[in-house]
Amino acid sequence: MVRLFIVIAIVIIILIIFRHRRNKISNYPDIYKKLIFILIVGAVIFFLATSGRFILPQILQIIKIGIPFLTKFIGL
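Under this note's numbering, the residues of the sequence shown are numbered 1 to 76, in order.
In short, the hints are calculated from the structure, not lab data. Quick reminder that beta carbons are idealized off the backbone N, C-alpha and C, glycines included. Don't take every hint at face value.
As the list claims (entries may be wrong) - What follows is a list of derived Cβ distance ranges for each label pair:
hint, residue 1, residue 2, range
1, L60, L15, 27 to 37 Å
2, L70, I45, 22 to 32 Å
3, I6, F37, 13 to 23 Å
4, I31, L56, 28 to 38 Å
5, A9, Q58, 22 to 32 Å
6, T50, I12, 36 to 46 Å
7, V7, Q61, 29 to 39 Å
8, T50, L15, 45 to 55 Å
9, I62, F5, 15 to 25 Å
10, K72, T50, 30 to 40 Å
11, F37, V2, 16 to 26 Å
12, P57, I6, 22 to 32 Å
13, F18, G66, 40 to 50 Å
14, K33, K64, 17 to 27 Å
Please model the entire structure based on the sequences and the hints provided.
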C-alpha cells in the first residue's frame, strides 16, 4: 500500500512538471490539470475502497464516542 502511494505521488509530480513546462511554451487548454485531479480522486477512492474495512469502522467508533459530548454542548 505504501509503495502504491509512492508511485502515485511520483506520477503526480511528473504530471506537475509537464504542466509547468507546457504553460511556459503555450497557452493551450490545460489537460494536465484534469489528469492530476482525476489521478488524485482515483487514488483516494482506491485507498478508501481497499482499506475501508479499517477506516470506516474507526470513523463510526469516533462518531459513537463523540455524540454524547456533542449533545452535552448542545444542551447548554
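Tested hints:
1. Restraint check, L60 to L15: a C-beta distance of roughly 35 Å satisfies the suggested window 27 to 37 Å.
2. Separation of L70 from I45 is about 29 Å and conforms to the stated range, judged on CB atoms against 22 to 32 Å.
3. Checked against the hint of 13 to 23 Å, the pair I6 and F37 passes, with Cβ atoms roughly 20 Å apart.
4. About 34 Å separates the C-beta atoms of I31 and L56, a value consistent with the hinted range of 28 to 38 Å.
5. Under the hint 22 to 32 Å, the C-beta atoms of A9 and Q58, about 24 Å apart, fit the expected range.
6. Here the CB-CB span from T50 to I12 is close to 19 Å, at odds with the stated 36 to 46 Å.
7. The hinted window of 29 to 39 Å between V7 and Q61 holds, with their beta carbons roughly 31 Å apart.
8. Between T50 and L15 the C-beta distance comes to about 23 Å, which lies outside the given range of 45 to 55 Å.
9. Our hint of 15 to 25 Å for I62 and F5 holds, since their Cβ atoms are close to 23 Å apart.
10. A C-beta distance of roughly 37 Å is found between K72 and T50, which places it inside the suggested range of 30 to 40 Å.
11. Evaluation of the 16 to 26 Å hint for F37 and V2 yields a pass: the beta carbon distance comes to about 23 Å.
12. Roughly 26 Å separates the CB atoms of P57 and I6, a value that falls within the hinted 22 to 32 Å.
13. Remark: the range hint 40 to 50 Å for F18 to G66 is upheld by a beta-carbon distance near 43 Å.
14. The hinted window of 17 to 27 Å between K33 and K64 is violated, with their beta carbons roughly 40 Å apart.
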